[in-house]
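Those protein sequence lines, which keep their order, are chains A, B, C, D, E and F. Note that my numbering has the first sequence beginning at 1, numbered continuously upward. Note that my numbering has the second sequence beginning at 1, numbered continuously upward. Note that my numbering has the third sequence beginning at 1, numbered continuously upward. Note that my numbering has the fourth sequence beginning at 1, numbered continuously upward. Note that my numbering has the fifth sequence beginning at 1, numbered continuously upward. Note that my numbering has the sixth sequence beginning at 1, numbered continuously upward.
Honestly, I wouldn't trust all of these hints.
Note that identical chains are pooled: a pair holds if it fits in a single copy or bridges any two copies.
What the hints assert, rightly or not - The calculated lysine-lysine pairs, modelled on DSS-like cross-linking and capped at a C-alpha distance of 30 Å, are:
1. Lys122 with Lys161
2. Lys101 with Lys287
3. Lys235 with Lys258
4. Lys122 with Lys3
5. Lys235 with Lys101
6. Lys156 with Lys258
7. Lys122 with Lys235
Honestly, the hints are just simulated from the structure, not real lab data. Just so you know, these numbers come straight off a predicted model, no measurement behind them.
Protein chains: 6
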Amino acid sequence: MAKIVCLGEIMMRLTAEAGTRLNQASQLAVYYGGGEANVAISLANYGHQVSYASKVADNAFGQAVKNHLRSYGVSIDFLLSGTGRLGTYYVEQGIGQKATKVVYDRQGSVFALMDELEWDLKELFAGIDVFHVSGITPALSGNWRQLTLQLMQAAKAAGCKVSFDCNYRQTLWSQEDAGEFLQQALPYVDYCSAGRLDAIYLLGIKEVDAEVAHYYQAMQQLFPTIDVFFSTNRKIHSTSVNELQGTLWFEGQCYTSKNYGIDPIVDRIGGGDAFTGGVLHGLLSGKAAQETIEFATAASVLKHFVNGDCNQYTEAEVIQFANSDSAKISR
Amino acid sequence: MAKIVCLGEIMMRLTAEAGTRLNQASQLAVYYGGGEANVAISLANYGHQVSYASKVADNAFGQAVKNHLRSYGVSIDFLLSGTGRLGTYYVEQGIGQKATKVVYDRQGSVFALMDELEWDLKELFAGIDVFHVSGITPALSGNWRQLTLQLMQAAKAAGCKVSFDCNYRQTLWSQEDAGEFLQQALPYVDYCSAGRLDAIYLLGIKEVDAEVAHYYQAMQQLFPTIDVFFSTNRKIHSTSVNELQGTLWFEGQCYTSKNYGIDPIVDRIGGGDAFTGGVLHGLLSGKAAQETIEFATAASVLKHFVNGDCNQYTEAEVIQFANSDSAKISR
Amino acid sequence: MAKIVCLGEIMMRLTAEAGTRLNQASQLAVYYGGGEANVAISLANYGHQVSYASKVADNAFGQAVKNHLRSYGVSIDFLLSGTGRLGTYYVEQGIGQKATKVVYDRQGSVFALMDELEWDLKELFAGIDVFHVSGITPALSGNWRQLTLQLMQAAKAAGCKVSFDCNYRQTLWSQEDAGEFLQQALPYVDYCSAGRLDAIYLLGIKEVDAEVAHYYQAMQQLFPTIDVFFSTNRKIHSTSVNELQGTLWFEGQCYTSKNYGIDPIVDRIGGGDAFTGGVLHGLLSGKAAQETIEFATAASVLKHFVNGDCNQYTEAEVIQFANSDSAKISR
Amino acid sequence: MAKIVCLGEIMMRLTAEAGTRLNQASQLAVYYGGGEANVAISLANYGHQVSYASKVADNAFGQAVKNHLRSYGVSIDFLLSGTGRLGTYYVEQGIGQKATKVVYDRQGSVFALMDELEWDLKELFAGIDVFHVSGITPALSGNWRQLTLQLMQAAKAAGCKVSFDCNYRQTLWSQEDAGEFLQQALPYVDYCSAGRLDAIYLLGIKEVDAEVAHYYQAMQQLFPTIDVFFSTNRKIHSTSVNELQGTLWFEGQCYTSKNYGIDPIVDRIGGGDAFTGGVLHGLLSGKAAQETIEFATAASVLKHFVNGDCNQYTEAEVIQFANSDSAKISR
Amino acid sequence: MAKIVCLGEIMMRLTAEAGTRLNQASQLAVYYGGGEANVAISLANYGHQVSYASKVADNAFGQAVKNHLRSYGVSIDFLLSGTGRLGTYYVEQGIGQKATKVVYDRQGSVFALMDELEWDLKELFAGIDVFHVSGITPALSGNWRQLTLQLMQAAKAAGCKVSFDCNYRQTLWSQEDAGEFLQQALPYVDYCSAGRLDAIYLLGIKEVDAEVAHYYQAMQQLFPTIDVFFSTNRKIHSTSVNELQGTLWFEGQCYTSKNYGIDPIVDRIGGGDAFTGGVLHGLLSGKAAQETIEFATAASVLKHFVNGDCNQYTEAEVIQFANSDSAKISR
Amino acid sequence: MAKIVCLGEIMMRLTAEAGTRLNQASQLAVYYGGGEANVAISLANYGHQVSYASKVADNAFGQAVKNHLRSYGVSIDFLLSGTGRLGTYYVEQGIGQKATKVVYDRQGSVFALMDELEWDLKELFAGIDVFHVSGITPALSGNWRQLTLQLMQAAKAAGCKVSFDCNYRQTLWSQEDAGEFLQQALPYVDYCSAGRLDAIYLLGIKEVDAEVAHYYQAMQQLFPTIDVFFSTNRKIHSTSVNELQGTLWFEGQCYTSKNYGIDPIVDRIGGGDAFTGGVLHGLLSGKAAQETIEFATAASVLKHFVNGDCNQYTEAEVIQFANSDSAKISR
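All chains, full assembly: derive it from the sequences and hints.
Following this line, the structure appears as structure tokens:
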């Protein structure tokens, strides 16, 4: 299997039970997750050798992050720790027509405050096939914009493929800042998770129609080094009911997965990361493009039925789910 | 904002988890609520100065009621306590096609046994804009029928608007008794929550068609002092899935809200009170009629997604919900 | 009411909460159940005198089984215990599009290891109207195939009606073995729970169309002593949403119940046993055929809304449910 | 083994977790229990044929009582049900130096309101060895004082031994009323649970010293038909730490058990009933007096380590505990 | 009763169950508390009119703080809110010989960042009898050192008594800084919670012996305006077992309470605040000095048996506890 | 740090809450553990490179074991999996004077059924400093007696030190069988956890007095290759209160740790393994003998305050605990 480094922030998530508002909660469930960490866990579950590079607080919660990642077989050799705090966020779970609400408390985290790269980049990328990072990381600070570029450049230089998930978060930076960063970063990218909205609002591609293939093509013209684009199309009927369909642009062609109903959703957080993990696994294990997009979408759908940020399924389970057409008790 | 007095019984509610029958339950969740108390909390959440008048047992559960009301900013200056018991009821939560089942144990409560008004009515209604009471109160005893009338008369005399929610409960009194009471009480009422079934079965208005506007008009002819009628039209697909639409009769016109699907319902109890609270807030804060009915219906729908009897949303949250058309994670 | 003996294995079931995979679970909910035991409890709930014959471990879990059965009024006079283990199984609850997954750990149980009948059969069947057993029992071992036949023969000889639920489980035996057993056993059977798939795959009846009546007729021709066949037709939209309809072949005619939507399912396990319990109750209490199939299907549907293997409803509650057409709060 | 009828009220108990005051509780644990019911369960656990006579509400909680009793093998053939309520009480669990606090809500229960005996007394006592009742029953109402005497007389007439547990509760009646009742009732009693305080305050025996033997002797002189007295001596160091020692007056001699430390107490409620159950079992199974008091005290101590009102131990477990002198893990 | 303003930070506390380390916790219990807020709640429980002045985040957790305070009847008229975060801390509950461990995450809270007083001090102190603040507030920042002095001066000027609880926290500031602040602040103080260690390490009083009276005397000589000192003497046998005794210096004399064993401790956090609340109540309600110290110590002991930061007991309950000498079930 | 291989069975443990008997439990808490696995985790927590060799079921519970071990950084490169079951055991937690009770269901596990070594022993022991195994492994079957000897011989041959924990379990084999095995195995052992009772009952050393030093000396004379013996002396006051003291025989001298009171015990299971882990860490990290035994005993004591089988403390935390003499809140 492949060797992968994922890098980014990982946070503690505290969640109230559905039906309880955050201000009423007398108990909060604890999870740990972050975009790149969730991708790392997916890939480790599929059998790859994955290392997660980040920095956490040198307290109980930093320790919890280590145990969390190791339990899935993700290496923490490049997980630094230092004095400070772990970013935190609080989730009021939506249900039915009521949306999920997130309260962030991530400012001043030990990761966000990093102002120069604390890893030996040679060591970090030695023998690595893919380096994966998301658009949340450069959004954390001006420093992180520079550091992310440095990481991409070093990864490229070391012969890694660079995987990048746009993952635009409006509470962290403006569309202008994000767009500017993308212009600098995408030339280093090989695999890019980006969709129609990213194309229009971040890259300034003219809105034409709803067909994502058009935008993939336009993005590839802008950034010819990227040969794989992927994203999901999510129709939100309610917080509890979504439809999900994945698309993959590969060697100039657009592949579309089955369209899944997800009803009811248990926990949507991490669904996109499960999708990215699935696409990377398809690419790294030599699956055909159609097989890859079916696998990735099935992995993402499965994630919605399990609590916590990360995908809990093996490759065999994802494939079985992708191929099944009913939900019989398996006994 | 306005000054409001709500008066009625408040009870302890003990609820088994959905999927567990009451006779199997080894744990019961505790809530406190009552029709008028729930309205009081809604109005306090919207910023009004609300006082709740009632009588509770002078034991731990009476204390719990006080803490419950105060936590929302409802004044307990007129909440009496005395030796006796707090009314109790038990809820077996329905789900899907299985209906919710209620076991009442409310007889002989310290409130129900009250045989003369224990408040100084001058003090109670001094400076008050609206006095709100529901049809559950006169249903508790012959005494309470008289006491409720006395309260309405005193409120009117003190210059309050009187708000009345029919809230007919067949286990407490007959349609005849309720109808007779309404004939006496409605001449004192300004704002009246009553629907088509109340019109037909309690007020003897002839059934014509399903259009609620017809019945509003007929009721207003009977009771010309009432210039606002309101009610919801609920379509019950199952215990978990309802549709809800609010209507408001205001200055001779009928206003209808959006029709909401609610799927899945977390806790329906208090949904009607949240609606009444929303209408009163609209009227008291000078919202237009259409805005009022949209607000009230949105407030009621939101209540269905939160455990416990009372609305947990601010005015801003209700408005945001009323204006949103999806259930995206807000982060 | 009637006197019934049910015989079979009863196991401990350990269930993770929906949204948690078995390998993640830090808590497991405990239930006890088994096909025949569930039928026994249904029948006891309806007022019959029911005895459950089985063998359990002489440890805490055997004791738990005794308490479980007795709590419903099922007699344990024929419940043996001995050194060994109680069969166990683990349930990962599915939800939405994710199927439920069962991990069995039932091998070597004190019941499965029984190699000769340890009851005095005269005593066991004295005064008994119906003996009920399912196809899981002969599937447990070669010994149990013989022992099940002995039991049926002795029951017949004692003047009991024999009720048999095919309940084919592919993890326990092959279709060939099951078919062979059925050829030997069905001549002793009076009431038989078997459906279209059983007819085709176990009894070798030629597949013609989807109409179950055809297969009932064909089965009755093969086994003329059986005059009652019954089964449910379940359409699985997802793990959370099923449709269910019951059919009953009685005196040469096929009766079909209302078709129910079940949405959402709380716990499907035991749904079939609740159906069988309902049919037997209809037959034993002299209900008409249509009434019987409506009762049995309603009982099965209700089971889906309650956690645990066994039906928790009285006859009156099932009838009320069968006759209701909405899910209003009953207060 | 022996045949026993126990008669009395059984209530629902709702308990907050230690460390949570009743007015703060958002969850309450549910138990069912009552003095005589707890004795009935102890005796059934030891293998006797026990019937529990009482009257419960014909609702979910009456049903729960039935399931509770049956699960231990107690017969409910004489458990009546009718319209009304089940008595309820609430427990705020003490811990350490904080005392446990009980809030009763038992007035007007369907049992307390009984005004004439609703059993056929011939049938009730046919073939019965012992009839057991406690001082809580006559304390419930003036009617029950008469009814309890009628029951004792009928039991005596039917040839039963009468067992009576004084169980004086000051919130239910005065010492005078209790004393007067005892003068009428004790002439019918054979086995009497009463201690030094009962002797002094209820029977007017002069206080001499702390030795319970003196009071047993004095009581026996007053009521010569009683030949067995028993009680525990409890030293309360704190709510969590008690010492407990049992004494038994048998054939003119006083027997004293080991003195047990109980640290920490899990749930003290029902500890006295477990003691009474142990004494009756000793008497009914022909144990020697010393063996009986050791058994009864051990049973009572064990009860303190288990949640809920009733003893959960078999005869073998109690004997093993009485004989052990350490608390090693038994594996 | 008296009118009191308490001012300080209030935080969210997230607690793992005893026996679970913070890094293992999958659930955290939520409480809200802070030194001055806990005192405010104690005083409100005893019937005083208490206002809590602070600043919280304008998010769900700020809302939760408001509901928390109001539920006890504490006025939030001076509780500000603004953009930012609420201070947070995490508690790993010790038990037995294992100490409790706290992980603070309070930096950058909206309260700590306040750099000028945002209240109208005239309004804040109008008609107020006592202003209470603790040494945690000036420890939060250099700004807060100045602001605390300004508050004390304004309170004095408005005719309030000033109550100050030293509450030295070594993780927030050095002994030097604290000592320097005390020199400036104590001249404005009337009631001072400070003990032997504060005298020696913060005020530089020479260590002589263990008798606290000596240090009280010495402190009063230094700060003659203070006429009341008080503190507890805690002997820590283990995390679960402490002894606690209160002392009060009043009008030149030292009063000592009973010495309490506390075994086992449920939650020690807030025990000191309950003591301070009790002393202030004694002073404000005109209790004699000995009565005051007995009341305050009993209140503190009771706090240890209830989860959460704040005292849950009324005056009557504290007095009953102070006077009781056993822990019998009160029924 | 050192490289260690631990080998043995690991099981699923299902535990009822204290105060609930196993037959009453409706929820069971899930832990994974085994003597050698617990030692492995301790050593990994202290920073060593530890590999755990075992065999688990290839189902959800085998997967859970993998995640469990990896979360602590234990390598699972030698953790095999295959068709079958994972051994299971059930724990009824004792409290106070009530002993903990274990129900084993471990027979026929995929590990116990192993009949030849399935590892490449060269690979397994390559570069390894210590091989650790316990007396539970040879007790599992006749095969395992042989296989354990083979493992020890191969480890020795590869240059590893062999660590052996007698861990005699009477339910698995007789004293005779264990003694016979020890005679064969101990000549290969370097570090041996064995105490006075092992010496007397398994090795036939004559009982002289209570001093463990005597027995260490005698054992060393019999097995001169062993130069380190260690064990704890546990005084059981109750299930909740124990005293614990460690002793270490090192280079002909006996070292004794502080004597700890443990009160109350949260979970005793794994306390011995934490001790062994601590001794091995002391030996492997070059601590002096007295320091080693203090460290190991402190580690064992700490284990008693945390749920689950394995030690959750770092080296720094153990040392801090060993050096502390109070249980103050550390904030």
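Hint by hint, which ones does this structure get wrong, listed from lowest number up?
The structure conflicts with hints 6 and 7, although it agrees with all the remaining ones.
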